[in-house]
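Asker: Read top to bottom, the protein sequences are chains A, B and C.
1 is the number of the first residue of the first sequence in the working numbering; add one for each residue after it.
1 is the number of the first residue of the second sequence in the working numbering; add one for each residue after it.
1 is the number of the first residue of the third sequence in the working numbering; add one for each residue after it.
Cross-link-like lysine to aspartate or glutamate pairs, in silico, EDC-like; alpha carbons within 16 Å at most: (1) C:Lys198 <-> C:Glu35; (2) B:Lys92 <-> B:Glu5; (3) A:Lys282 <-> A:Asp101; (4) B:Lys109 <-> A:Glu151; (5) C:Lys21 <-> B:Glu272; (6) C:Lys198 <-> C:Asp219; (7) A:Lys291 <-> A:Asp225; (8) C:Lys122 <-> B:Glu222; (9) A:Lys21 <-> A:Glu45; (10) A:Lys144 <-> B:Asp81; (11) C:Lys124 <-> B:Glu222; (12) A:Lys252 <-> A:Asp240; (13) B:Lys109 <-> A:Asp153; (14) C:Lys44 <-> C:Glu228; (15) A:Lys215 <-> A:Glu45; (16) A:Lys144 <-> A:Glu133; (17) A:Lys248 <-> A:Glu258; (18) A:Lys291 <-> A:Asp240.
Because the hints were derived from the structure by calculation, they are not lab data.
Below are the chains, spelled out letter by letter.
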Amino acid sequence: MVENKKYSNKYNFAFIDESTKKEIRRKLLKAVAIPGHQVPYSSPEMPISRGWGTGGLHITLSIIGKADIFKIIDQGSDASVNACNLREFVNAMTGCETTFDTAQATLVQTRHRITEEELNEKQIIVFQVPLPEPLRMVERYEYKTLQMHAEADYSKMWVSLYESYVRYGAIMQGAGYPVMVNGRYIMSPSPIPRWDTPNLHQAKTLYLFGAGREKRLYAVPPYTDVEPLEFEDVNFEIEDFADSACYKTGFKKAFLDELYADDASRKYVISDSNFLDKVAEKQETHQYTNKYIDQLEEYDLERG
Amino acid sequence: MTWREDNWLLRVRNLTKIYGDPGENTLALTGPAFNSNQCPETDSIVACADINFDLYPGEVLGIVGESGSGKSTVVKMLYFDLEKTGGAAWLKPYHDGSINILNESNQRKRYIRNNLMGMVYQNPRDGLNFGFSSGGNIAEKLIMAGNMHVGNIRGRAYELLEKTEVPVQRMDDRPSTFSGGMQQRVQISKAIANNPPLLFLDEVTTGLDVSVQAKVLDLIRELQNILGIAMIVVSHDLSVIRMLTDRTIVMKNGRIVENGLTDQILQDPQHEYSQLLVSSLL
Amino acid sequence: MNILEVNDLSKLFNLHILNEKRIEALKQINFTMKEGEIIGLTGKSGSGKSSLMKCIYRTYLATSGEIIYLSRSGPVDMVQADDHQVIDLRKSEITYCSQFLSVIPRVSAVDVVCENLFRIEKDKNKAREKARTMLEMLGLPVELWDAFPVTFSGGEQQRINVARAIIAKPRFLLIDEPTASLDVKTKDVVIDLILELKKNGTSVLCISHDEYTLDRLVDRRLHLQMGEINAIAVESN
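Using the sequences provided together with the hints, build the complete structure.
Answerer: Rendered as structure tokens:
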């Protein structure tokens with residue numbers, strides 16, 4: 001039910017026409033049925049440019065219902081320009097309630113971060129993905145990467161990780177660390193920081209990924225194994241914020257953004273803006289837990 | 001250890017490769033008797049046909065012939081670089097030699113290629129990935145065989161580079177920074193990384209300087225002595241064949257014209273073409 | 001036991017590139033050889049001695065006839081035998097020492113000698129030690145041991161050739177002119193080494209022009225003339 005009469009005569013609910021929505025939903029079903037596998041889709045034209053979140057938008061608009069409560073974040077922030085832009089667009093096209101509160105939202109669209117607070121079975125999170133193909137950095141030909149995925153021939157990927165380790169002493173992938181989904185496909189989880197990567201593993205919520213420019217959809221259904229690629233003796237590590245804390249709240253156990261002041265001094269602040277607000281107002285939060293964060297706690301206890 | 005007829009390593013029967021659409025008479029109208037690979041009726045090209053041979057463990061087989069003889073085609077088909085037109089091949093270590101490896105799925109072919117075969121190409125760019133370090137190239141084979149421990153991988157790469165006399169401190173350098181002879185040696189160490197029972201060498205010394213050639217040949221001989229790998233050596237150069245092989249197959253226009261012990265082919269060639277080749281040896 | 005039985009062996013060369021020229025090298029050769037015997041093949045150049053030896057070693061394909069060799073696993077007709085079986089026999093039992101050393105580039109004298117030894121002696125250092133001992137016995141100067149034989153004199157190359165053939169103690173030795181280009185002292189060393197092999201059960205077929213060698217070494221002589229056996233003389237040794 002749309003208030004603005006000017007729109008109501010020209011646009012379908014959620015902007016995309018029903019046949020296209022049907023196509024996208026069917027592709028999403030296929031993606032969910034084959035976790036980690038990239039499914040090509042129509043990627044229809046939108047009134048925003050490619051490279052500005054069309055993939056995530058396609059998914060959101062295809063699955064959103066009138067009763068949904070919609071939240072959108074950009075690198076953790078609800079208030080960034082693009083997040084606001086897209087929020088207003090979705091609101092105008094659907095009339096849905098929007099919120100900043102992670103616990104309240106039913107549908108979350110995100111760019112390059114997972115929320116700090118854990119999402120449950122009743123929620124869905126949609127990722128905007130720039131480059132869906134994790135093997136692109138080792139193989140430039142599409143027909144070859146297709147074959148590599150089909151035959152599960154990922155040796156080139158492993159060798160590039162080995163080379164990175166040998167050259168720099170560590171696997172240098174900072175964001176978008178490649179993961180093995182359901183023991184079968186290597187997937188790029190979009191450029192989320194390492195901090196977020198373990199939260200894909202055996203999660204309660206449904207993760208959907210859309211790359212509009214590349215025209216690919218993929219998904220990680222709930223309770224699926226998602227393992228970051230590591231060697232037996234060179235293990236995956238998350239960022240270490242041991243020496244820093246959020247300057248507003250003093251909180252350590254969350255992903256922190258670095259801020260530079262004019263005098264080149266550095267401050268850290270919690271990246272997820274909604275989580276930051278909740279911690280600052282001492283509200284109850286329900287954060288993700290995983291073995292890597294647990295290790296940090298032990299580490300903190302050791303250091304006192 | 002007594003020799004047994006059924007102790008073969010590789011058995012190849014009726015291996016054939018034809019480009020284009022062959023007709024009924026294509027095979028009958030091509031070959032050494034016609035001095036041509038091309039069928040006059042259908043214009044299809046018979047790269048090789050009716051190739052039959054056996055290879056026993058530890059043996060070195062040479063395939064010699066001039067351009068167009070089809071010698072490289074045979075090896076490329078056995079290494080799955082080319083799709084066969086007809087024929088079969090069996091490898092003893094693979095399901096006890098009961099399955100035709102040329103009909104296997106891509107995944108199984110990849111398994112056979114990685115674990116049971118090694119290949120050294122004439123051009124190092126075909127066998128090595130120049131985007132990775134030389135150690136990384138060897139790591140690729142080890143990882144494909146299931147070795148996921150970086151320490152072990154590097155240890156094995158070190159061992160292999162030492163064996164092929166590549167300076168080990170260059171393990172993390174890209175092959176583009178190496179000389180031609182050293183690139184070949186990195187290729188050889190990559191090929192033997194998983195201790196395959198069978199090694200293919202396709203014109204590996206052609207184009208190298210004589211001194212470099214000697215070094216590479218000597219290395220191959222030594223590896224053969226120590227590791228006892230069975231090899232198929234393709235060359236147009238009879239002196240390379242003489243140095244390395246126990247048996248030889250002579251090919252012309254895609255067919256085998258003669259096969260036998262290498263010293264017999266060189267000293268008592270029976271077929272006219274073999275006699276011509278041998279008499280042309282400088 | 002007869003280690004070798006040659007029955008009606010004939011060898012004809014058909015040279016296609018010389019307009020189908022035919023050369024008869026051997027005509028109906030018949031002889032037997034007992035295990036542990038040393039037989040000397042004599043005759044003028046071109047009489048067929050090398051051809052006979054090469055037929056036995058399978059370098060030449062006999063045109064007709066049989067060559068029954070008594071291997072450790074039973075009698076084998078070398079004329080009809082499978083290539084693979086011949087390779088196996090050459091690796092384990094039969095050694096052929098040609099008249100001239102076939103030079104392999106970049107392999108030192110010591111390594112040339114112990115090449116065949118690697119089959120039995122897996123330890124490279126021990127193998128090299130044995131090779132050095134043999135070269136010393138044969139009088140090859142020490143400074144040449146790690147040099148490459150390609151530049152050696154005929155006599156020096158001959159010493160390496162013989163050392164290589166003898167060191168692995170084959171069961172059946174075919175040796176072509178073992179003492180040519182050698183001085184008397186080294187001749188004796190070579191002859192003694194071969195006699196030593198004989199004591200251990202090796203059978204030897206040897207081509208030689210040298211009376212001294214034939215006199216000291218062989219039990220019987222086979223004289224070839226124009227591809228046929230002319231006389232079989234028995235020595236009293």
